[in-house]
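Chains as they are written, first to last, in our numbering: chain A, 112 to 598; chain B, 112 to 598.
Treat the hints as calculated values from the structure; they're not laboratory data.
Only a predicted model underlies this, so the values are computations on that prediction, with no experimental measurement involved.
C-beta: ideal position from N, C-alpha, C; glycine also.
Keep in mind that the hints are not guaranteed to be accurate.
Unchecked claim - Straight-line C-alpha distance at most 27 Å; calculated DSS-like pairs for lysine-lysine:
(1) K555/B with K520/B
(2) K520/A with K498/A
(3) K555/A with K517/A
(4) K166/A with K370/B
(5) K166/A with K404/B
(6) K404/A with K352/A
(7) K370/B with K352/A
(8) K461/B with K352/B
(9) K461/B with K370/A
(10) K461/A with K352/A
(11) K352/A with K520/B
(12) K555/A with K520/A
(13) K404/A with K166/B
(14) K352/B with K166/A
(15) K178/A with K166/A
Claimed, not checked - These stretches of chain A come out as covered by chain B in the derived footprint (C-beta under 8 Å, 3 or more residues):
(16) 253-267
(17) 333-346
(18) 412-421
(19) 437-451
There are 2 protein chains.
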Amino acid sequence: MVHGAVRITMDNSAQAKRPEVETGDETGAGQSRTALVMTTIRQRIAGRSLTPGAKLPSVRSLAASLKVSVSTVVDAYDRLVAEGAITSRPGSGFYVANQTAPLALSEIGPKLDRAVDPFWVSRQSLEAAENDLKPGCGWLPPSWLPEDAIRRSLRTLSRGDATALSDYGPPLGLSPLRRLISRRMAEHGIEAPPNQIMLTESGTQAIDLLCRFLLETGDTVLIDDPCYFNFQALLRAHRAKIVSVPYTPNGPDLDLFAKTLAEHRPRLYITNSGIHNPTGATLSPVTAHRVLKLAEQFSLTIIEDDIFADFEHVAAPRLAAFDGLDRVIHIGSFSKTLSASARCGFIAAKPDWIEGLTDLKIATTFGGGRLAAELVHDVLSDGGYRKHLDVLRARLSRATVEVSGKLQKLGITPWIEPQAGMFLWCRLPDGLDAGEIARAALAKNIVLAPGNVFSASQSFGGFMRFNVSQSLDDRLFDMLREALARR
Amino acid sequence: MVHGAVRITMDNSAQAKRPEVETGDETGAGQSRTALVMTTIRQRIAGRSLTPGAKLPSVRSLAASLKVSVSTVVDAYDRLVAEGAITSRPGSGFYVANQTAPLALSEIGPKLDRAVDPFWVSRQSLEAAENDLKPGCGWLPPSWLPEDAIRRSLRTLSRGDATALSDYGPPLGLSPLRRLISRRMAEHGIEAPPNQIMLTESGTQAIDLLCRFLLETGDTVLIDDPCYFNFQALLRAHRAKIVSVPYTPNGPDLDLFAKTLAEHRPRLYITNSGIHNPTGATLSPVTAHRVLKLAEQFSLTIIEDDIFADFEHVAAPRLAAFDGLDRVIHIGSFSKTLSASARCGFIAAKPDWIEGLTDLKIATTFGGGRLAAELVHDVLSDGGYRKHLDVLRARLSRATVEVSGKLQKLGITPWIEPQAGMFLWCRLPDGLDAGEIARAALAKNIVLAPGNVFSASQSFGGFMRFNVSQSLDDRLFDMLREALARR
Numbered sequence: 112m113v114h115g116a117v118r119i120t121m122d123n124s125a126q127a128k129r130p131e132v133e134t135g136d137e138t139g140a141g142q143s144r145t146a147l148v149m150t151t152i153r154q155r156i157a158g159r160s161l162t163p164g165a166k167l168p169s170v171r172s173l174a175a176s177l178k179v180s181v182s183t184v185v186d187a188y189d190r191l192v193a194e195g196a197i198t199s200r201p202g203s204g205f206y207v208a209n210q211t212a213p214l215a216l217s218e219i220g221p222k223l224d225r226a227v228d229p230f231w232v233s234r235q236s237l238e239a240a241e242n243d244l245k246p247g248c249g250w251l252p253p254s255w256l257p258e259d260a261i262r263r264s265l266r267t268l269s270r271g272d273a274t275a276l277s278d279y280g281p282p283l284g285l286s287p288l289r290r291l292i293s294r295r296m297a298e299h300g301i302e303a304p305p306n307q308i309m310l311t312e313s314g315t316q317a318i319d320l321l322c323r324f325l326l327e328t329g330d331t332v333l334i335d336d337p338c339y340f341n342f343q344a345l346l347r348a349h350r351a352k353i354v355s356v357p358y359t360p361n362g363p364d365l366d367l368f369a370k371t372l373a374e375h376r377p378r379l380y381i382t383n384s385g386i387h388n389p390t391g392a393t394l395s396p397v398t399a400h401r402v403l404k405l406a407e408q409f410s411l412t413i414i415e416d417d418i419f420a421d422f423e424h425v426a427a428p429r430l431a432a433f434d435g436l437d438r439v440i441h442i443g444s445f446s447k448t449l450s451a452s453a454r455c456g457f458i459a460a461k462p463d464w465i466e467g468l469t470d471l472k473i474a475t476t477f478g479g480g481r482l483a484a485e486l487v488h489d490v491l492s493d494g495g496y497r498k499h500l501d502v503l504r505a506r507l508s509r510a511t512v513e514v515s516g517k518l519q520k521l522g523i524t525p526w527i528e529p530q531a532g533m534f535l536w537c538r539l540p541d542g543l544d545a546g547e548i549a550r551a552a553l554a555k556n557i558v559l560a561p562g563n564v565f566s567a568s569q570s571f572g573g574f575m576r577f578n579v580s581q582s583l584d585d586r587l588f589d590m591l592r593e594a595l596a597r598r
Numbered sequence: 112m113v114h115g116a117v118r119i120t121m122d123n124s125a126q127a128k129r130p131e132v133e134t135g136d137e138t139g140a141g142q143s144r145t146a147l148v149m150t151t152i153r154q155r156i157a158g159r160s161l162t163p164g165a166k167l168p169s170v171r172s173l174a175a176s177l178k179v180s181v182s183t184v185v186d187a188y189d190r191l192v193a194e195g196a197i198t199s200r201p202g203s204g205f206y207v208a209n210q211t212a213p214l215a216l217s218e219i220g221p222k223l224d225r226a227v228d229p230f231w232v233s234r235q236s237l238e239a240a241e242n243d244l245k246p247g248c249g250w251l252p253p254s255w256l257p258e259d260a261i262r263r264s265l266r267t268l269s270r271g272d273a274t275a276l277s278d279y280g281p282p283l284g285l286s287p288l289r290r291l292i293s294r295r296m297a298e299h300g301i302e303a304p305p306n307q308i309m310l311t312e313s314g315t316q317a318i319d320l321l322c323r324f325l326l327e328t329g330d331t332v333l334i335d336d337p338c339y340f341n342f343q344a345l346l347r348a349h350r351a352k353i354v355s356v357p358y359t360p361n362g363p364d365l366d367l368f369a370k371t372l373a374e375h376r377p378r379l380y381i382t383n384s385g386i387h388n389p390t391g392a393t394l395s396p397v398t399a400h401r402v403l404k405l406a407e408q409f410s411l412t413i414i415e416d417d418i419f420a421d422f423e424h425v426a427a428p429r430l431a432a433f434d435g436l437d438r439v440i441h442i443g444s445f446s447k448t449l450s451a452s453a454r455c456g457f458i459a460a461k462p463d464w465i466e467g468l469t470d471l472k473i474a475t476t477f478g479g480g481r482l483a484a485e486l487v488h489d490v491l492s493d494g495g496y497r498k499h500l501d502v503l504r505a506r507l508s509r510a511t512v513e514v515s516g517k518l519q520k521l522g523i524t525p526w527i528e529p530q531a532g533m534f535l536w537c538r539l540p541d542g543l544d545a546g547e548i549a550r551a552a553l554a555k556n557i558v559l560a561p562g563n564v565f566s567a568s569q570s571f572g573g574f575m576r577f578n579v580s581q582s583l584d585d586r587l588f589d590m591l592r593e594a595l596a597r598r
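Kindly generate the complete structure, drawing on both the sequences and the hints.
The structure is reproduced here in C-alpha cells:
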C-alpha cells in the first residue's frame with residue numbers, strides 16, 4: 112500500500128518550503144535580526160503591500176526604518192533571493208519575484224493533523240487498493256450498483272447516434288435528461304421546469320460552480336456541524352470564511368442557526384436534504400419551515416445537496432419544495448446510486464441564475480460530459496432502475512441492522528438509527544480518539560472516517576462515520592476490537 | 112431556430128436590472144438628485160466600503176453630507192429597497208442586503224457588443240441545431256471522428272470490469288491512460304513520467320484548475336492576440352488582468368513580448384503549442400527558445416495548450432520539451448481528434464504542483480470521469496486510431512485547399528497557409544466588418560466566428576476564422592457572396 116509513502120513525501124515537501132533561517136540564524140530565544148527583516152518583507156509580500164514585480168525598499172532606507180544595520184538587510188535580501196521570494200537586478204535593486212506561491216489548499220484555514228484534514232478521507236479512499244477495506248468512504252461497492260443496466264446502456268449507446276458519441280452537448284446539458292430530472296424533482300414536490308435545470312459533471316462541480324457564482328473572497332458560508340467533509344475542502348478553495356451550526360436529528364439547531372445568521376450574516380448555507388451526511392438524520396417539516404423563514408429574514412441563499420434522494424424509503428421534506436427555487440438552489444447527482452464513473456450532476460435554480468451559471472460553465476469546462484449524460488439518461492429510463500433501487504434499499508436496511516449490531520457489541524453506539532442511506536454516525540467508547548484509531552487502521556489497509564474530518568468546530572473526536580455497505584468484512588471488527596482493547 | 116429568442120431574453124433581463132430611476136425621474140439632462148443618492152450607495156456597496164449586512168448612514172446624516180433634502184434620501188432608500196440592494200428594518204434603519212449580485216461573466220471586463228463577446232461563438236455553436244452550419248465552431252463534425260472505434264470501445268467497456276463502470280477513479284486519474292499519455296508526450300520530446308500527469312475532465316478544466324492554482328485575483332495574464340476566445344472568458348471568471356501580444360506566423364512578436372513582460376510582469380502566459388488557434392501558425396524553434404529565455408528572466412509561468420497535437424503532419428517545437436516542465440505546464444485533451452462527448456483532458460507539470468493540483472481537483476470535482484478515461488484509453492490503444500489520424504489529416508488538407516480556394520475567389524484571404532489543423536484565419540475585403548456579417552449569418556442559421564471574438568485588443572474586426580471541416584456546404588459561400596455584394 113502506497114499511502115504512507117505519499118504522505119511522507121508531502122510532509123517533506125511542506126517542510127522544505129519553510130526557510131531555514133527562522134531557526135538556523137538564532138543565537139538565543141526569538142528571531143534574529145536578519146530573520147526579522149525577512150519576516151517583515153515576507154509579510155508585506157503576503158499582504159500584497161509589495162506586489163509581484165514591485166521594487167523593494169533600498170537597503171539603506173529599510174535599514175534606517177527598521178533600525179538595523181545595512182549588513183543585516185543585505186544578508187536578509189540575499190537569503191530571500193536564495194529562497195526565490197525576491198530577485199536581484201544588478202545596478203537596479205531588489206524586486207518581488209513573480210513566482211508567488213501557488214494555492215496550497217491544505218495550508219488554508221487552521222492547520223489540521225493530516226488524520227482529520229478534510230482531504231484525508233478523500234485521498235485515502237480514492238487511493239485505496241482493490242483489497243483494502245473502506246468503511247470510511249462515501250460510496251457503495253461496485254457490486255451494489257446497477258451493473259447490468261450500465262452494461263446494457265453502453266451497448267445501446269454503441270449502436271446509437273454518432274452525435275451522442277462525439278459531439279459537445281448543448282450548454283444546459285442533454286434535454287431528455289433535464290426533462291427526466293424535472294419529473295423526478297416533481298415527485299419530491301419541487302417545481303423545476305427543464306430550462307431551470309443545468310447539468311454539471313458532478314454534484315461537487317455543481318456546488319463549486321455555485322460558489323464561484325455567488326461568493327466573493329472572504330464571504331462567510333454556513334455549514335452543518337458535522338457535515339460532508341468535502342464542503343469544507345471546497346470552501347477552502349474559495350477562501351470563504353466558514354461558520355457552523357450543530358446538527359440535530361431533525362436538522363440544524365434552530366436557536367443557534369438564528370444566532371449565527373444574526374451574528375455572521377453568512378451569504379450561503381450548504382446542507383444536505385433528504386439524508387444528512389454524515390449523521391443520517393432527516394430534516395423535519397417544522398425545522399425546514401423555520402430555516403426558510405430565517406433565510407428570508409437574513410437574505411440567506413441555501414444550496415440543498417440532494418445526492419442521497421434515491422436511498423429514501425419515505426421522502427423527507429425538501430427546502431426547495433417549500434421555497435420554490437427562490438432562495439434555495441437544489442443540486443444532485445447520480446454517483447451514489449447509479450455510477451460514480453459516469454460523472455453527471457445537476458443544478459436547479461431560478462432562471463436568471465441558470466443563465467449566468469451557463470456562461471460560467473462554458474468558460475470553465477466548455478461542453479460538459481455528454482456521453483455520461485446519455486448513459487445516465489438511458490439507465491434512468493430503463494424500468495430496471497426502480498427495481499434496482501428497491502433491492503438496494505432493502506440491502507442497505509439489512510446491512511444497517513447488521514453493522515449497527517456488531518458495532519454496539521463493541522460499545523460503539525449509533526447517534527441515531529437512520530431511516531435510510533448508507534451511513535451510521537457513531538460515538539466511540541469514552542476516552543477513545545477516532546483520529547488515532549483511523550491512523551492505526553490505515554496501517555492495516557483499512558480506511559476509516561474519523562469524526563473531526565466532518566467537523567468545522569473539531570468537536571467530534573470521539574465519533575466515527577461507518578458506511579454500512581463497506582463494513583461487512585470481519586477484518587474491520589477484528590481491528591476495532593483490538594483498538595478498543597488497547598486503551 | 113432559437114438563438115435570437117435566447118439572446119433577446121438575455122438582453123431584456125440585463126435591462127430589467129437597470130433601475131428605472133436613472134431616466135424616469137429626470138426633469139432635464141443629467142441625473143436627478145434621487146438617482147445621485149442611489150448611485151452613491153450602489154458604488155459604496157460595489158466598492159465594498161459598505162459590505163453585505165452593514166448598516167447604511169442614517170437618512171439625516173446622508174442628507175447633510177450629500178447636501179440634499181431628507182425626502183430625497185428617503186426616496187432613494189425606498190427605491191433601493193424595492194430593487195433589493197438594501198433592506199429596511201423598522202425601528203433600526205437600513206442595511207445592505209446580503210444578496211450581493213452573483214458573478215456575471217459577461218459584465219466583467221470591457222463591455223463588448225454581444226457579437227464579438229468571447230461567449231458568443233461558444234453559445235451559438237453549442238446551441239446550434241443539427242442542420243445549422245457552424246463554420247465558426249472549433250471542432251470537427253461527428254462523421255470526421257473515429258465513430259467505429261468509439262462504438263467498439265463502448266462494447267468492450269460493456270463487457271469489462273464492474274469497477275470501471277461504477278467506481279470513482281484514483282486521484283491522479285486512470286493509470287494506464289496516464290502511462291499512454293506519457294509515451295505520447297515522449298514522441299514530442301517532452302519528458303513527463305506518469306506521476307507528473309493528472310487527468311482532468313477537459314482541456315478547459317485543466318486550464319481552469321491551473322488558473323485557480325496559480326492566480327490571485329487581479330494577477331496579470333498574458334495571451335496572444337488573437338487567441339482562442341475561451342482563454343479570455345476563462346480569465347474573466349478569474350478576474351485576471353489581461354494583456355496581449357500580437358501573434359506572428361512564427362509565434363508571439365518577440366520585441367513586444369519582452370516589452371510586455373517588463374512593463375506588466377504577468378504571472379502567466381497561456382498559449383497554444385503545435386497549431387495556434389485561431390491563426391493556424393506554428394512556433395519556430397528560435398522563437399520558442401527566446402520565449403523561454405524571457406520567461407526565465409521575468410519569472411513567467413507558461414501554460415502550453417496542446418489540444419491540436421494529433422493534427423500535425425510534422426511536429427512543431429514544444430515549449431515543454433525545451434523547458435522540461437520547469438516553468439512550462441503542458442495540457443491537452445482528446446476532444447478535437449477523438450470525442451468531445453467523452454470528456455477527458457490532462458495536465459503535465461512538476462511533481463509538487465501536481466500534488467497541490469490533485470487536492471484542488473478532489474475539492475472541486477471529486478472523482479473525475481473514469482468512464483470517459485477508460486473509453487479514451489481503449490480508443491487510443493486501438494491500432495485503428497493512428498490510421499484514423501492519417502485519414503483525418505489527409506481529409507483536412509484537402510478541405511483546407513478547397514475552402515481556401517473558394518474564400519479567395521470571394522476576396523477573403525487566408526493570413527497564412529497553415530501547415531495543419533482545421534482553421535483558416537482570413538482577412539475580409541477592406542471595409543467589411545466581421546461582426547456585422549456574423550450577425551447577418553446567424554439569421555440564416557450559420558454560426559460564424561468574427562475576428563474580434565479572438566482579440567483582447569479588438570483589432571481584428573476585418574478578420575474571420577473558418578473551420579474548414581465545417582465550411583464545405585455551398586450555403587456558406589452563397590451567404591458570404593451576398594454579404595460581400597451588399598457593401
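Earlier hints that do not hold, by number: Per hint list: 2, 7, 9, 11 and 18 violated.
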